[in-house]
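Visitor: One-letter residues, chain by chain:
Protein chains: 2
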Amino acid sequence: MKPSIPKGTRDFGPVEMARRNYIFSTIRQVFALFGYSQIETPAMENLSTLMGKYGEEGDKLLFKILNSGDFLRGVDPAMLADADSVKLISKISEKGLRYDLTVPFARFVVQHRNELQMPFKRFQIQPVWRADRPQKGRYREFYQCDADVVGSDSLINEIELIQLIDEVFARLRIATIIKLNNRKVLSGIAELVGAPEKLIDITVAIDKIDKIGIEKVSEELLERGLSQEAISAIRPILEISGSTEERLAKLEEVLSGSETGLLGVKELREVVTGIESLGMRASVEIDVSLARGLNYYTGTIIEVKARDVAIGSITGGGRYDNLTGVFGMPGLSGVGISFGADRIYDVLNALDLYPADDAFATRVMFVNFGPAEAAASMKMLKALREAGISGEIYPDSAKMKKQMGRADALGIPFVAIVGETEMAQGKMTLKNMHTGEQSLLTPSEAIAAILGHS
Amino acid sequence: MKPSIPKGTRDFGPVEMARRNYIFSTIRQVFALFGYSQIETPAMENLSTLMGKYGEEGDKLLFKILNSGDFLRGVDPAMLADADSVKLISKISEKGLRYDLTVPFARFVVQHRNELQMPFKRFQIQPVWRADRPQKGRYREFYQCDADVVGSDSLINEIELIQLIDEVFARLRIATIIKLNNRKVLSGIAELVGAPEKLIDITVAIDKIDKIGIEKVSEELLERGLSQEAISAIRPILEISGSTEERLAKLEEVLSGSETGLLGVKELREVVTGIESLGMRASVEIDVSLARGLNYYTGTIIEVKARDVAIGSITGGGRYDNLTGVFGMPGLSGVGISFGADRIYDVLNALDLYPADDAFATRVMFVNFGPAEAAASMKMLKALREAGISGEIYPDSAKMKKQMGRADALGIPFVAIVGETEMAQGKMTLKNMHTGEQSLLTPSEAIAAILGHS
Numbered sequence: 003m004k005p006s007i008p009k010g011t012r013d014f015g016p017v018e019m020a021r022r023n024y025i026f027s028t029i030r031q032v033f034a035l036f037g038y039s040q041i042e043t044p045a046m047e048n049l050s051t052l053m054g055k056y057g058e059e060g061d062k063l064l065f066k067i068l069n070s071g072d073f074l075r076g077v078d079p080a081m082l083a084d085a086d087s088v089k090l091i092s093k094i095s096e097k098g099l100r101y102d103l104t105v106p107f108a109r110f111v112v113q114h115r116n117e118l119q120m121p122f123k124r125f126q127i128q129p130v131w132r133a134d135r136p137q138k139g140r141y142r143e144f145y146q147c148d149a150d151v152v153g154s155d156s157l158i159n160e161i162e163l164i165q166l167i168d169e170v171f172a173r174l175r176i177a178t179i180i181k182l183n184n185r186k187v188l189s190g191i192a193e194l195v196g197a198p199e200k201l202i203d204i205t206v207a208i209d210k211i212d213k214i215g216i217e218k219v220s221e222e223l224l225e226r227g228l229s230q231e232a233i234s235a236i237r238p239i240l241e242i243s244g245s246t247e248e249r250l251a252k253l254e255e256v257l258s259g260s261e262t263g264l265l266g267v268k269e270l271r272e273v274v275t276g277i278e279s280l281g282m283r284a285s286v287e288i289d290v291s292l293a294r295g296l297n298y299y300t301g302t303i304i305e306v307k308a309r310d311v312a313i314g315s316i317t318g319g320g321r322y323d324n325l326t327g328v329f330g331m332p333g334l335s336g337v338g339i340s341f342g343a344d345r346i347y348d349v350l351n352a353l354d355l356y357p358a359d360d361a362f363a364t365r366v367m368f369v370n371f372g373p374a375e376a377a378a379s380m381k382m383l384k385a386l387r388e389a390g391i392s393g394e395i396y397p398d399s400a401k402m403k404k405q406m407g408r409a410d411a412l413g414i415p416f417v418a419i420v421g422e423t424e425m426a427q428g429k430m431t432l433k434n435m436h437t438g439e440q441s442l443l444t445p446s447e448a449i450a451a452i453l454g455h456s
Numbered sequence: 003m004k005p006s007i008p009k010g011t012r013d014f015g016p017v018e019m020a021r022r023n024y025i026f027s028t029i030r031q032v033f034a035l036f037g038y039s040q041i042e043t044p045a046m047e048n049l050s051t052l053m054g055k056y057g058e059e060g061d062k063l064l065f066k067i068l069n070s071g072d073f074l075r076g077v078d079p080a081m082l083a084d085a086d087s088v089k090l091i092s093k094i095s096e097k098g099l100r101y102d103l104t105v106p107f108a109r110f111v112v113q114h115r116n117e118l119q120m121p122f123k124r125f126q127i128q129p130v131w132r133a134d135r136p137q138k139g140r141y142r143e144f145y146q147c148d149a150d151v152v153g154s155d156s157l158i159n160e161i162e163l164i165q166l167i168d169e170v171f172a173r174l175r176i177a178t179i180i181k182l183n184n185r186k187v188l189s190g191i192a193e194l195v196g197a198p199e200k201l202i203d204i205t206v207a208i209d210k211i212d213k214i215g216i217e218k219v220s221e222e223l224l225e226r227g228l229s230q231e232a233i234s235a236i237r238p239i240l241e242i243s244g245s246t247e248e249r250l251a252k253l254e255e256v257l258s259g260s261e262t263g264l265l266g267v268k269e270l271r272e273v274v275t276g277i278e279s280l281g282m283r284a285s286v287e288i289d290v291s292l293a294r295g296l297n298y299y300t301g302t303i304i305e306v307k308a309r310d311v312a313i314g315s316i317t318g319g320g321r322y323d324n325l326t327g328v329f330g331m332p333g334l335s336g337v338g339i340s341f342g343a344d345r346i347y348d349v350l351n352a353l354d355l356y357p358a359d360d361a362f363a364t365r366v367m368f369v370n371f372g373p374a375e376a377a378a379s380m381k382m383l384k385a386l387r388e389a390g391i392s393g394e395i396y397p398d399s400a401k402m403k404k405q406m407g408r409a410d411a412l413g414i415p416f417v418a419i420v421g422e423t424e425m426a427q428g429k430m431t432l433k434n435m436h437t438g439e440q441s442l443l444t445p446s447e448a449i450a451a452i453l454g455h456s
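Protein chains in written order, with this note's numbering: chain A, 3 to 456; chain B, 3 to 456.
Just so you know, these hints were derived from the structure itself, not from any lab.
Hints may be right or wrong, so weigh each one.
Heads up, the list lumps identical chains together, so a pair's fine if it works in one copy or across two of them.
Each computed BS3-like pair below joins lysine-lysine, with the alpha-carbon atoms no more than 30 Å apart [what the hints assert, rightly or not]:
#1 K55 with K93
#2 K89 with K4
#3 K200 with K93
#4 K93 with K4
#5 K89 with K62
#6 K401 with K268
#7 K381 with K93
#8 K429 with K252
#9 K268 with K404
#10 K4 with K138
#11 K210 with K384
#12 K200 with K401
#13 K4 with K381
#14 K4 with K55
#15 K89 with K268
#16 K62 with K404
#17 K218 with K401
For clarity, every value in this text was computed on a predicted model and none was experimentally measured.
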């Protein structure tokens, strides 16, 4: 009986945790730096909160929790005899695991509306669960790191969030391209070609341009019922290139017949001007093929890619105008971003960008030669800890080789040895595991030596 | 349709999160200081891992997750017709939410045995879920903060863990009593009165001594089938008092006929001597009525109470000799402790012991007078953030009163005002919200002023 974990889930050991904590704490610090406050919501939400928010497919991907106790009590026997899983669910399950942080956030805002100061700027870093088929890079449990501001439609929020993204990736030392678009530009395009009702079709097709190229996208648009004429009108937009200013100017020209489209370009321009005047380390690119989460975003759309690793988007976000409407609180505009921790983890691994030093790592291990030496060691260890040095003592007086082997295997940089000689002098022999050097030191000298090396 | 969350679960807003983070980060820092490494396990475990580990009652309190897809497919129609919830569970659910951190830790150790360096010292801070009836102070989702070391039976581990507990509560400024017992002492008592098979009965009764007193405990022991003679033999043990040394001496005397009992006293003495020679801020007390988690602990038993707040134990732990046996890896001794974050939260609230300053809190808000002033403000805000100061700008050029109201409501200590005059000079008017003082400052002067006040 070898124990295992559910497929699509993961254990994180000490090394992975140190790396994940580095990512999370970087993001958390920057969220706070930009004035976002943390909240947490329960892992379980009522199914009435979750169902119908992620489309039909999403409803199926929710993990549902069986009601406690005798969950079949009161269930109509005829319904049981039917053996219809979908119908039975509502009778035997009323809670599900959260699928993302956005719907719980919307629920939170409505539920606590009277306690919140608007605009409300919140961040949230918690796991979510999806009953997706597991595959490489896709898990059934993964963390999301979201920041949103609701209750303000000022574009300053977009500018701040893009600055925030830039700061996070500068700290993580990942070179990025931040792609920007605006839902109103996409609406303008649909309007322009006289097919506003085809907006979804157009954007779904456009979204694939990176993968399949312009010709295939044109074919798909034809299949989706657009006229050849409409496709010709769209084409120059897909071929837009040049500097940000050139792209904006071209868009303005092509969309001159659409009020909505022009508003989209104006917003894009304001955002780009704002961030560039503040100085960006990432490159910023207008990308009209960017259409993520379309049935959701109403203004700015943001997507971030790593320059040096071929991987999907590592952060995304945008503006939505009606987050809380579905919970009975209409007209609340918001904008938010979500960092993909797992992909960022992969990028840092691929580029070997983790800092050498983990602030939390054990810095020193005391060897154990028996009760008297251990007692003396523990006093010295206490002094080291009081100076903020993480350390341990080998709990058993095992063979020296075994004890040193532990320090080696765990990458502990210093070993302290307190034998009879050292005890007599109230000192320790401190061995630097990298250089092999060792010196006889008092506890305060050892503190200085260890801190000097960190 | 007012949205809500499942009963027994909680939302945590910004203020609660700051307080909870203070507790968690204090505990995490001390765990690391003592050489424990963090791990995380999935929220969902296979039911085969969880079932049967917490007793019959525990099995019922597990939250079970409905299999995805058509979960009724393949279920025998006769079984459905039976409508027997308990039998049906194994057919329609194979995963459950973790109930504590101990069983997942045991599973982790066995599953990763070949990658782990023994002794393995791990800490884990994650939520757990129990389908308990919610009541005051008892939730269906709550965090546990555990540290365990497995693969060593040295009492140095106990001494280190008790020091660790002492350090956590010293940092949190909570005065505590650390109560110690040893399962072998309890076994010795049962042996002594000739009723080793009554060990559970004896300890269950003894455990109530604080609540119901010696007389009632004696009555209960009689009801549980102990002879009057046996009860008389136990009585002096229950009445033990005096200093730690006096208590140990008395126990030694009473238990002189039991080898196991004497070993328990010897272990207790070694632990107490060890921690006292290192200096403790908590008071340490031998308490033979301490019997928590008895069907589990095999040696040292630890329980911590707050001195100044009447609340249950805020931390507990002990040694177990066979954590991983149930997963096919026998003979691995370990000792661990678990901090009760929710009760610690209540204690800090009751004693008003939270630090005034939250390192992550927003320190400054820029007022927004319109596009030009906002643009100038955002440049200054950027400089402040580069100096590590968390800040925001009011995103809309709302009425001054409304903007100041936000800073006030959120307790932001400084407001920066950049109007036309300030803009012309590249300065800001910085207002200290506590004193009402305001001064015209350059960004670097403002940084000094804000940092000087934090």
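Visitor: Are the hints correct? Go through all of them and say.
Guide: Structure-based check of all given hints:
no., hint, in the structure
1, K55 with K93, "both (20 Å within a copy, 29 Å between copies)"
2, K89 with K4, "between (36 Å within a copy, 25 Å between copies)"
3, K200 with K93, "neither (39 Å within a copy, 45 Å between copies)"
4, K93 with K4, "between (35 Å within a copy, 21 Å between copies)"
5, K89 with K62, "both (13 Å within a copy, 25 Å between copies)"
6, K401 with K268, "between (73 Å within a copy, 25 Å between copies)"
7, K381 with K93, "neither (61 Å within a copy, 57 Å between copies)"
8, K429 with K252, "neither (75 Å within a copy, 39 Å between copies)"
9, K268 with K404, "between (68 Å within a copy, 28 Å between copies)"
10, K4 with K138, "within (23 Å within a copy, 39 Å between copies)"
11, K210 with K384, "neither (60 Å within a copy, 37 Å between copies)"
12, K200 with K401, "neither (75 Å within a copy, 42 Å between copies)"
13, K4 with K381, "neither (42 Å within a copy, 59 Å between copies)"
14, K4 with K55, "between (39 Å within a copy, 16 Å between copies)"
15, K89 with K268, "neither (49 Å within a copy, 63 Å between copies)"
16, K62 with K404, "neither (52 Å within a copy, 45 Å between copies)"
17, K218 with K401, "neither (69 Å within a copy, 52 Å between copies)"
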